[in-house]
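There are 4 protein chains.
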Amino acid sequence: MELHVKKENNTGSAHANRARMLISCPDGPGIVAAVSHFLHQHGANIVQSDQYTMDPEGGMFFMRVEFDLPELEKRLPELESQFSEVASTFRMDWKMQNVSRKKKLAIFVSKEDHCLVELLWQWQAGDLDAEIAMVVSNHPDMKEYVESFGIPYHHIPVTADTKKEAEQRQLEVVGGDIDVIILARYMQIVSPFFIEHYRNRIINIHHSFLPAFVGGKPYAQAYQRGVKIIGATAHYVTEELDGGPIIEQDVQRVSHRDDVSELKRIGRTIERVVLARAVKWHIEDRILVHENKTVVFNG
Amino acid sequence: MELHVKKENNTGSAHANRARMLISCPDGPGIVAAVSHFLHQHGANIVQSDQYTMDPEGGMFFMRVEFDLPELEKRLPELESQFSEVASTFRMDWKMQNVSRKKKLAIFVSKEDHCLVELLWQWQAGDLDAEIAMVVSNHPDMKEYVESFGIPYHHIPVTADTKKEAEQRQLEVVGGDIDVIILARYMQIVSPFFIEHYRNRIINIHHSFLPAFVGGKPYAQAYQRGVKIIGATAHYVTEELDGGPIIEQDVQRVSHRDDVSELKRIGRTIERVVLARAVKWHIEDRILVHENKTVVFNG
Amino acid sequence: MELHVKKENNTGSAHANRARMLISCPDGPGIVAAVSHFLHQHGANIVQSDQYTMDPEGGMFFMRVEFDLPELEKRLPELESQFSEVASTFRMDWKMQNVSRKKKLAIFVSKEDHCLVELLWQWQAGDLDAEIAMVVSNHPDMKEYVESFGIPYHHIPVTADTKKEAEQRQLEVVGGDIDVIILARYMQIVSPFFIEHYRNRIINIHHSFLPAFVGGKPYAQAYQRGVKIIGATAHYVTEELDGGPIIEQDVQRVSHRDDVSELKRIGRTIERVVLARAVKWHIEDRILVHENKTVVFNG
Amino acid sequence: MELHVKKENNTGSAHANRARMLISCPDGPGIVAAVSHFLHQHGANIVQSDQYTMDPEGGMFFMRVEFDLPELEKRLPELESQFSEVASTFRMDWKMQNVSRKKKLAIFVSKEDHCLVELLWQWQAGDLDAEIAMVVSNHPDMKEYVESFGIPYHHIPVTADTKKEAEQRQLEVVGGDIDVIILARYMQIVSPFFIEHYRNRIINIHHSFLPAFVGGKPYAQAYQRGVKIIGATAHYVTEELDGGPIIEQDVQRVSHRDDVSELKRIGRTIERVVLARAVKWHIEDRILVHENKTVVFNG
Numbered sequence: 001m002e003l004h005v006k007k008e009n010n011t012g013s014a015h016a017n018r019a020r021m022l023i024s025c026p027d028g029p030g031i032v033a034a035v036s037h038f039l040h041q042h043g044a045n046i047v048q049s050d051q052y053t054m055d056p057e058g059g060m061f062f063m064r065v066e067f068d069l070p071e072l073e074k075r076l077p078e079l080e081s082q083f084s085e086v087a088s089t090f091r092m093d094w095k096m097q098n099v100s101r102k103k104k105l106a107i108f109v110s111k112e113d114h115c116l117v118e119l120l121w122q123w124q125a126g127d128l129d130a131e132i133a134m135v136v137s138n139h140p141d142m143k144e145y146v147e148s149f150g151i152p153y154h155h156i157p158v159t160a161d162t163k164k165e166a167e168q169r170q171l172e173v174v175g176g177d178i179d180v181i182i183l184a185r186y187m188q189i190v191s192p193f194f195i196e197h198y199r200n201r202i203i204n205i206h207h208s209f210l211p212a213f214v215g216g217k218p219y220a221q222a223y224q225r226g227v228k229i230i231g232a233t234a235h236y237v238t239e240e241l242d243g244g245p246i247i248e249q250d251v252q253r254v255s256h257r258d259d260v261s262e263l264k265r266i267g268r269t270i271e272r273v274v275l276a277r278a279v280k281w282h283i284e285d286r287i288l289v290h291e292n293k294t295v296v297f298n299g
Numbered sequence: 001m002e003l004h005v006k007k008e009n010n011t012g013s014a015h016a017n018r019a020r021m022l023i024s025c026p027d028g029p030g031i032v033a034a035v036s037h038f039l040h041q042h043g044a045n046i047v048q049s050d051q052y053t054m055d056p057e058g059g060m061f062f063m064r065v066e067f068d069l070p071e072l073e074k075r076l077p078e079l080e081s082q083f084s085e086v087a088s089t090f091r092m093d094w095k096m097q098n099v100s101r102k103k104k105l106a107i108f109v110s111k112e113d114h115c116l117v118e119l120l121w122q123w124q125a126g127d128l129d130a131e132i133a134m135v136v137s138n139h140p141d142m143k144e145y146v147e148s149f150g151i152p153y154h155h156i157p158v159t160a161d162t163k164k165e166a167e168q169r170q171l172e173v174v175g176g177d178i179d180v181i182i183l184a185r186y187m188q189i190v191s192p193f194f195i196e197h198y199r200n201r202i203i204n205i206h207h208s209f210l211p212a213f214v215g216g217k218p219y220a221q222a223y224q225r226g227v228k229i230i231g232a233t234a235h236y237v238t239e240e241l242d243g244g245p246i247i248e249q250d251v252q253r254v255s256h257r258d259d260v261s262e263l264k265r266i267g268r269t270i271e272r273v274v275l276a277r278a279v280k281w282h283i284e285d286r287i288l289v290h291e292n293k294t295v296v297f298n299g
Numbered sequence: 001m002e003l004h005v006k007k008e009n010n011t012g013s014a015h016a017n018r019a020r021m022l023i024s025c026p027d028g029p030g031i032v033a034a035v036s037h038f039l040h041q042h043g044a045n046i047v048q049s050d051q052y053t054m055d056p057e058g059g060m061f062f063m064r065v066e067f068d069l070p071e072l073e074k075r076l077p078e079l080e081s082q083f084s085e086v087a088s089t090f091r092m093d094w095k096m097q098n099v100s101r102k103k104k105l106a107i108f109v110s111k112e113d114h115c116l117v118e119l120l121w122q123w124q125a126g127d128l129d130a131e132i133a134m135v136v137s138n139h140p141d142m143k144e145y146v147e148s149f150g151i152p153y154h155h156i157p158v159t160a161d162t163k164k165e166a167e168q169r170q171l172e173v174v175g176g177d178i179d180v181i182i183l184a185r186y187m188q189i190v191s192p193f194f195i196e197h198y199r200n201r202i203i204n205i206h207h208s209f210l211p212a213f214v215g216g217k218p219y220a221q222a223y224q225r226g227v228k229i230i231g232a233t234a235h236y237v238t239e240e241l242d243g244g245p246i247i248e249q250d251v252q253r254v255s256h257r258d259d260v261s262e263l264k265r266i267g268r269t270i271e272r273v274v275l276a277r278a279v280k281w282h283i284e285d286r287i288l289v290h291e292n293k294t295v296v297f298n299g
Numbered sequence: 001m002e003l004h005v006k007k008e009n010n011t012g013s014a015h016a017n018r019a020r021m022l023i024s025c026p027d028g029p030g031i032v033a034a035v036s037h038f039l040h041q042h043g044a045n046i047v048q049s050d051q052y053t054m055d056p057e058g059g060m061f062f063m064r065v066e067f068d069l070p071e072l073e074k075r076l077p078e079l080e081s082q083f084s085e086v087a088s089t090f091r092m093d094w095k096m097q098n099v100s101r102k103k104k105l106a107i108f109v110s111k112e113d114h115c116l117v118e119l120l121w122q123w124q125a126g127d128l129d130a131e132i133a134m135v136v137s138n139h140p141d142m143k144e145y146v147e148s149f150g151i152p153y154h155h156i157p158v159t160a161d162t163k164k165e166a167e168q169r170q171l172e173v174v175g176g177d178i179d180v181i182i183l184a185r186y187m188q189i190v191s192p193f194f195i196e197h198y199r200n201r202i203i204n205i206h207h208s209f210l211p212a213f214v215g216g217k218p219y220a221q222a223y224q225r226g227v228k229i230i231g232a233t234a235h236y237v238t239e240e241l242d243g244g245p246i247i248e249q250d251v252q253r254v255s256h257r258d259d260v261s262e263l264k265r266i267g268r269t270i271e272r273v274v275l276a277r278a279v280k281w282h283i284e285d286r287i288l289v290h291e292n293k294t295v296v297f298n299g
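Chains as they are written, first to last, in the UniProt record's numbering: chain P, 1 to 299; chain L, 1 to 299; chain G, 1 to 299; chain C, 1 to 299.
Because the hints were derived from the structure by calculation, they are not lab data.
The structure presented is a predicted model; accordingly, all values stated were derived computationally and were not measured.
Hints may be right or wrong, so weigh each one.
Treat identical chains as interchangeable: a pair holds within one or across any two.
Listed below are the simulated DSSO-like cross-link pairs for lysine-lysine, each with C-alpha atoms no more than 30 Å apart in a straight line [as the list claims (entries may be wrong)]:
| id | residue 1 | residue 2 |
| --- | --- | --- |
| 1 | Lys-111 | Lys-95 |
| 2 | Lys-264 | Lys-102 |
| 3 | Lys-163 | Lys-111 |
| 4 | Lys-293 | Lys-143 |
| 5 | Lys-164 | Lys-74 |
| 6 | Lys-280 | Lys-103 |
| 7 | Lys-143 | Lys-74 |
| 8 | Lys-164 | Lys-95 |
| 9 | Lys-164 | Lys-103 |
| 10 | Lys-163 | Lys-95 |
| 11 | Lys-217 | Lys-103 |
| 12 | Lys-104 | Lys-74 |
| 13 | Lys-95 | Lys-217 |
| 14 | Lys-280 | Lys-74 |
| 15 | Lys-217 | Lys-163 |
| 16 | Lys-217 | Lys-280 |
| 17 | Lys-111 | Lys-143 |
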């Protein structure tokens with residue numbers, strides 16, 4: 001039974017001919033001119049452009065461009081093909097995306113549901129412009145709830161002994177054309193074997209203001225240390241536990257009156273908000289990863 | 001006696017050949033391409049570029065570009081002259097600035113000194129990359145303090161009867177080549193006669209979260225209304241009292257325990273921070289005014 | 001069908017013998033001594049006590065006390081009866097509450113569901129220690145969703161012509177023993193006739209940082225004015241539109257890039273958080289109203 | 001020459017007969033009753049009272065009381081003497097303070113002046129209700145500036161070889177009746193020998209959101225890790241480096257555009273604000289230390 005009627009996305013349909021381009025390359029003269037000249041020449045109109053140079057001399061250059069092009073769907077493959085010449089001149093790492101193609105999400109969850117509920121609510125409200133392709137969980141608890149949104153739910157139990165098989169099974173279920181995996185309080189450590197299939201495409205929400213309180217039970221650690229502010233961190237998952245590129249963080253003030261369970265309660269709202277922002281920015285192609293840091297064009 | 005030794009500016013000298021360009025014009029295809037092509041053609045290297053389009057169809061386009069050009073000082077006049085052709089094609093309102101030319105500030109102050117002290121401290125610390133050309137006050141109180149920084153202090157008393165003459169005197173003292181006048185808790189209403197000489201060049205700090213609590217005694221008003229958060233607003237001064245384009249705002253949480261004098265105390269820190277940010281952005285050419293709103297490229 | 005399984009409340013059951021007392025009275029010597037002496041004498045142990053004096057001389061005194069008393073349920077009526085003597089000495093306005101008695105909530109909603117969804121989620125997560133007795137709406141849209149939580153849904157249409165009858169019907173449905181009515185983006189103005197039945201028991205969420213942008217379309221007003229921060233305000237409803245005692249406010253930074261629909265999207269999260277906090281504090285007897293302001297003991 | 005005229009304190013003189021009491025003890029029934037009864041009996045009127053119980057059963061109890069007592073100065077010694085009976089019953093750790101007695105501060109500083117300037121400005125504005133007894137520095141740089149406020153400046157150089165002698169000299173200069181030592185960006189590690197003379201009376205400002213980025217160069221560490229928010233922490237100094245009880249923290253949002261020098265610039269404002277708050281709370285007897293955490297009654 002589908003209780004939940006998804007609203008039309010607020011913005012998507014208006015942008016039938018809009019594309020985004022993300023570029024990273026060594027900095028040098030003429031890049032902006034080359035890109036904007038190329039787009040203008042091909043009849044595209046730039047509607048937003050952000051760029052960032054790490055260091056004017058010898059650093060890296062990052063760029064995000066949104067442009068409108070009549071008959072985009074038909075002409076995009078050709079545009080990509082022709083841009084590769086420009087790209088190779090400047091040794092660019094780049095991609096073009098049709099904005100109207102919805103990204104595919106897989107959400108991984110364990111028993112705590114607040115991050116999942118937030119994503120589902122934002123998705124249903126039309127604020128998360130993506131397709132939630134599936135929810136994967138090591139517990140069966142939320143099956144009925146998730147399916148009430150018309151979203152497939154895959155229960156894949158994980159134990160110490162079966163972890164390898166479980167990840168193999170997850171790989172099959174998720175498949176190759178998923179755009180991003182969201183660990184929405186998924187309480188299992190993901191192995192390097194799994195990570196390498198989805199480099200910079202797995203977003204985790206850690207319930208502390210990283211790098212403070214790496215590892216388990218961060219609210220208990222925060223209480224122990226007597227901090228006056230707690231936070232949450234959304235980051236891409238790498239082989240180093242809680243060490244991947246940070247996408248977004250936020251915090252809230254607490255006091256000596258807040259015990260561990262109150263810290264958890266306060267923290268749940270921060271976690272929800274921070275994760276939802278990070279997912280939104282990933283979906284809108286606002287994040288570039290360089291070494292272990294992110295450039296986020298969210299301005 | 002100069003007690004205060006100004007530190008070398010942190011960044012200025014590194015940017016001997018850097019310029020900034022600010023552009024406003026009706027949106028249309030090819031603007032970014034034309035600007036970046038022009039700069040590339042003339043040997044300039046774009047180090048930062050921000051743009052904003054109000055609406056892809058029929059709106060306004062705003063752009064801020066920082067670029068490096070060898071022998072800038074010598075070549076800037078010629079560059080400006082040649083750019084005016086590009087500018088007229090797109091009906092641009094624009095200006096180019098040599099970053100190494102320091103902007104000139106005049107600070108107006110009455111009896112409360114916290115905003116003045118903040119600006120002087122930031123200036124002395126090398127964080128405010130400008131020349132404080134003078135301090136003007138309707139009271140003599142801070143003369144000695146200001147002069148200890150080596151900055152001229154003009155005491156121009158203002159009464160209801162002498163307001164017109166006082167403003168005439170202020171005009172003479174400030175002169176025409178001042179870049180920005182900062183009302184750092186200057187407790188006099190500035191007349192339209194004065195304002196028209198410095199359109200979008202007078203920054204005021206209002207001690208409330210505008211548009212709440214327009215007019216006098218905003219902390220008393222805030223206390224009366226029982227708000228849980230107070231704020232401050234930096235804005236350009238227009239003929240409408242507290243109604244000009246907002247540049248920056250910030251807030252802080254308060255509680256029922258905070259009486260009016262405590263609200264004032266808390267507010268002073270917000271005012272200082274908000275005003276200093278607005279001044280910094282103005283000095284760095286980060287603000288474009290359109291109708292009664294600002295576009296602030298501070299990302 | 002009940003999809004949603006409510007979790008055990010995190011804290012409730014631990015406090016079987018806990019009570020709360022709220023006191024307002026003219027300030028004077030000996031109040032704290034009298035109250036604490038009374039409680040100690042009757043075998044109660046104070047676990048938390050907050051007080052606030054508006055002005056040491058001639059102002060009002062406010063107090064909130066949490067205490068544990070063995071066999072509370074049996075002994076509370078007697079305790080109340082005996083306290084009335086103390087109370088009359090100091091001309092106290094006061095009440096005692098058994099913490100384990102759950103407060104009854106009625107949620108009023110129109111078409112926008114984000115505030116309702118937040119309250120339901122917090123309730124289901126065990127963070128809102130109350131009974132949601134019903135949801136009342138002038139639209140039928142959320143009936144199925146609300147009922148899936150096992151909560152009654154009353155659809156009472158309201159038109160300009162039928163407003164009086166509709167409010168009469170609401171009165172009957174809500175009844176007299178509801179503790180608080182929550183206007184969770186209920187888009188109808190409530191009449192003085194209705195308000196007088198629930199004085200200081202109706203909480204509204206206004207989607208602006210009051211007193212800025214009173215009335216309709218506050219996000220459009222905020223966009224128009226070009227503010228750099230938007231907010232939301234939870235307040236008790238009085239006869240003056242958007243003018244009642246403020247309970248809680250919060251804000252978030254925005255920029256020129258955020259159009260009205262983006263402001264609404266950002267605002268929804270602030271609204272949810274602010275309303276949920278206000279409701280939590282009301283439920284926990286943390287709010288005292290004096291004239292048009294609140295004392296909130298949330299420290 | 002004294003350029004700086006200190007303003008009358010905003011609040012001090014109004015409270016000629018006001019005292020504060022701080023109490024820590026094992027929790028148990030009747031403490032509040034005993035304290036408030038004692039004060040009432042002796043003619044004192046409680047104007048503010050805060051309390052906190054770590055755990056209703058078997059934890060610690062903390063209390064801060066402000067009260068007015070006619071002829072306080074004359075009667076305080078007797079009151080203290082009589083209270084010691086109550087105190088011993090409950091095994092209290094306690095102190096009473098005459099509010100009108102100004103606390104004595106010693107400020108330690110190295111070369112960075114922003115925290116010192118802030119404290120001097122707040123002191124001069126009448127917001128820091130204390131006596132700045134001296135400034136101690138391992139550098140001579142700020143001698144003239146500090147002396148222009150009429151405050152003694154002690155230049156005590158510190159090298160690896162002379163550290164022990166330098167601390168001995170500091171001890172002599174500071175003496176025993178100083179209330180609090182403020183390390184206002186004092187870039188020397190203070191030895192256990194020095195700390196033991198001023199247990200819970202040395203406040204340090206660390207330029208990170210502890211426990212993230214313990215040790216040196218925290219802004220460089222923050223840049224390296226790519227955090228999206230930076231902060232500062234005021235804490236009491238203990239033998240563990242950057243490990244003492246946290247008094248206050250605050251943060252500000254940053255982005256990939258902010259390099260280390262920009263982080264430092266942003267951080268300076270956070271450091272100033274956080275340190276000034278911690279000092280204010282210490283001076284107002286709002287902080288109780290228990291094990292390695294603080295209870296801060298700042299509500």
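Query raised in the report: Taking each numbered hint in turn, which are not upheld by the structure, reported in ascending numerical order?
Result: 1, 4, 5, 7, 8, 10, 11, 13
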